[in-house]
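**Student:** Top to bottom, those sequences are chains A and B.
Heads up: the first sequence runs through residues 5 to 155, numbered per this note's numbering.
Heads up: the second sequence runs through residues 309 to 809, numbered per this note's numbering.
Incorrect hints may have been included.
DEER-style ranges, computed between Cβ atoms [what the hints assert, rightly or not]:
hint, chain 1, residue 1, chain 2, residue 2, range
1, A, Phe152, B, Ile698, 17 to 23 angstroms
2, B, Leu325, A, Leu56, 45 to 51 angstroms
3, B, Leu325, A, Trp122, 22 to 28 angstroms
4, B, Asp310, A, Leu88, 57 to 63 angstroms
5, A, Ser29, B, Gln756, 19 to 25 angstroms
6, A, Arg34, B, Leu593, 53 to 59 angstroms
7, B, Ile315, A, Arg34, 32 to 38 angstroms
8, A, Ser29, B, Asn364, 16 to 22 angstroms
Rather than coming from a laboratory, the hints here were simulated on the basis of the structure.
Using N, Cα and C, we set each Cβ at its ideal position, and we do this for glycine too.
Here is what each chain is made of, one letter per residue.
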Amino acid sequence: MKTIDNLSSLFLILIGVVFCLSSFSIGIGRINAPGPGLIPFGTGGLLILFSLGTIFETHFNMKVEGKTSLFSGRRWGIVVTVLLSLFLYALVLDILGFIVTTFLTMAVLFKISEKQSWKLALGASALTTAFTYFLFDYLLKCSFPRGFLGF
Amino acid sequence: MDFFSGIISGFAISFSLINLLYCFIGVFIGTLIGVLPGIGPVGTISLLLPATFHLNPVSAIIMLAGIYYGAMYGGSTTSILVNIPGEAASVITCLDGYQMARQGRAGAALGISAFGSFIAGTIGVIGLMFLAYPLARMALKFGPPEYFSLMCLGLTILTYLARGSMLKAMSMALLGLLLSFIGIDVITGLPRFTLDMVHLMDGIGLVPIAMGIFGISEVLINLEEVVRRDIFKTKIKGLLPNRGEWRRSSKPILRGTIIGFFLGILPGGGAVVSSFVSYGVEKKLSTHPEKFGTGMIEGVAGPESANNAAVGGAFIPLFTLGIPANVTMAVLFGALMIHGMTPGPMLMREHPEVFWGVVTSMYMGNVLLLLLNLPLIGLWVKVLKIPYRILFPLIILFCLIGAYSLNNTSFDIVVMLIFGLAGYLMRKLNYEGAPLLLAFVLGPMMEQALRQSLLISQGSFTIFFTRPISAASMGLALALIVSYFLPFLKKKRLGIEEEAG
Numbered sequence: 005m006k007t008i009d010n011l012s013s014l015f016l017i018l019i020g021v022v023f024c025l026s027s028f029s030i031g032i033g034r035i036n037a038p039g040p041g042l043i044p045f046g047t048g049g050l051l052i053l054f055s056l057g058t059i060f061e062t063h064f065n066m067k068v069e070g071k072t073s074l075f076s077g078r079r080w081g082i083v084v085t086v087l088l089s090l091f092l093y094a095l096v097l098d099i100l101g102f103i104v105t106t107f108l109t110m111a112v113l114f115k116i117s118e119k120q121s122w123k124l125a126l127g128a129s130a131l132t133t134a135f136t137y138f139l140f141d142y143l144l145k146c147s148f149p150r151g152f153l154g155f
Numbered sequence: 309m310d311f312f313s314g315i316i317s318g319f320a321i322s323f324s325l326i327n328l329l330y331c332f333i334g335v336f337i338g339t340l341i342g343v344l345p346g347i348g349p350v351g352t353i354s355l356l357l358p359a360t361f362h363l364n365p366v367s368a369i370i371m372l373a374g375i376y377y378g379a380m381y382g383g384s385t386t387s388i389l390v391n392i393p394g395e396a397a398s399v400i401t402c403l404d405g406y407q408m409a410r411q412g413r414a415g416a417a418l419g420i421s422a423f424g425s426f427i428a429g430t431i432g433v434i435g436l437m438f439l440a441y442p443l444a445r446m447a448l449k450f451g452p453p454e455y456f457s458l459m460c461l462g463l464t465i466l467t468y469l470a471r472g473s474m475l476k477a478m479s480m481a482l483l484g485l486l487l488s489f490i491g492i493d494v495i496t497g498l499p500r501f502t503l504d505m506v507h508l509m510d511g512i513g514l515v516p517i518a519m520g521i522f523g524i525s526e527v528l529i530n531l532e533e534v535v536r537r538d539i540f541k542t543k544i545k546g547l548l549p550n551r552g553e554w555r556r557s558s559k560p561i562l563r564g565t566i567i568g569f570f571l572g573i574l575p576g577g578g579a580v581v582s583s584f585v586s587y588g589v590e591k592k593l594s595t596h597p598e599k600f601g602t603g604m605i606e607g608v609a610g611p612e613s614a615n616n617a618a619v620g621g622a623f624i625p626l627f628t629l630g631i632p633a634n635v636t637m638a639v640l641f642g643a644l645m646i647h648g649m650t651p652g653p654m655l656m657r658e659h660p661e662v663f664w665g666v667v668t669s670m671y672m673g674n675v676l677l678l679l680l681n682l683p684l685i686g687l688w689v690k691v692l693k694i695p696y697r698i699l700f701p702l703i704i705l706f707c708l709i710g711a712y713s714l715n716n717t718s719f720d721i722v723v724m725l726i727f728g729l730a731g732y733l734m735r736k737l738n739y740e741g742a743p744l745l746l747a748f749v750l751g752p753m754m755e756q757a758l759r760q761s762l763l764i765s766q767g768s769f770t771i772f773f774t775r776p777i778s779a780a781s782m783g784l785a786l787a788l789i790v791s792y793f794l795p796f797l798k799k800k801r802l803g804i805e806e807e808a809g
């Protein structure tokens, strides 16, 4: 836990450094005439400071937090699959169109959580896709992407 | 518009058929998501925000506000019947509410929770009406230093009350501020931190961030755990509390209302904190504190009243100062901005119909909620039985559609998913999402107020300590930070936390 805590703090430090450096390039100005980069520079600096503080806190264990491994005993495989399918959804939505992409993604999501037959998953997916398409595209005029198939 | 004509016109607006309908939709959805674990009011309001774009602003805000206070009612049902809080503000209700259900008193627990919520919610709205008007007039005299200090205080309180490390919560607030700086600088018109991406010129949207951190990440966390939801099988009867139960509950309801309302006003406070404080107070005042946790009706009546009164209180800083007191208010702040209104002291002057319409609609909303939560309790019990394997794909799909329909681009989906992943990891590593989102909303205002203050003072930070309101806010914020690091006080704080827990 300590190592992961430190890694997360280091990641935040990195973000702070990136913002500080970028702030310089857009102009910090002076304290009595602040430029567009001054406040982000100060905020980035404080983020670095607080993240260093977190490393210090973790090291000296000032506040005891969860000691168990983050992923042990968890069904994290499902989480990875869901996330991957959702990123894929965003990538192919404009190419395949709303109906096809949503139908395929929903089928995977309905299937994945617990043991469910493909037949049931596909049926639930078709129903959900049809309902949301009717509600959002037809009734609420959300205009979903059509994709190369034309629907 | 003076106070009384404001109330009268407010009732005329909120009692129109269309606004009553949107109020009903809001409180219905609120109760639904309050009952269902897996998505809270923040995620839902963000989700439905794009759907309100074509509505008139008053109806939209009436509906979105209804979701917030409706969730407070619904959350208690799950806590009492399943021992799993449907909503964070109902966590403490599990302790005695579930025990009451096990003893065959589920009806009384649900009844007192609904009546307590109704009484507290209504008193909270009355308080909001009477306090907001003079406060908004006073707030007109606030300058940039006062605003900056108040926002600093709000963020400090929120990070101080964080479950884990205050340093981590502070880091999240700072990250939220940095994210809010992405886009065009309002003063110079220069693009900042946009990585030359056109989509980032207008900054990152509040809705994809909120849906990611509070919607997608919640689903991911629920997915990796196999949560058994055993509904306590009992016949729910006697929803109207008897005289003895009323006698025991009346004072906790009153105390809960006062605690909730004032903690709700406090930036960084809100429904969750007030429910815990109310429980602690009831336990302390009880002649049988040892019986708390075994089915004491006071342990249900107090916190449930507190979390509903907090809703009324939370609207005060939003409507009068333009400062969201908690993360749900931050999303409502975004909603007002999207509908072309700037929350704050000018809202009452420029858009009185929104202020009075929304406030008065809450009276009707509370009546509707009482009707929804008592006679229709059977419906919510049925909703509870929907398996999560059916529920989660639907929540995800609504999030995807909500994100896409903001600007009709997949970019917002990607942003939402990135923040969903970030929110998931944040939960695992004990980083809280609320300070990040609140800071993200406050960021542009804080930056502007700070830059203006520095211009006024010619670069001197003493300006924040020489004006009374600003000095008091800064002093309190600094005192909170110091108290966290002073070991003696820290031990005391831990002791209080343990006692409350």
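**Student:** Which of the listed hints are not met by the structure?
**Tutor:** As far as the earlier hints go, 1, 2, 3, 7 and 8 are violated by this structure, in ascending order.
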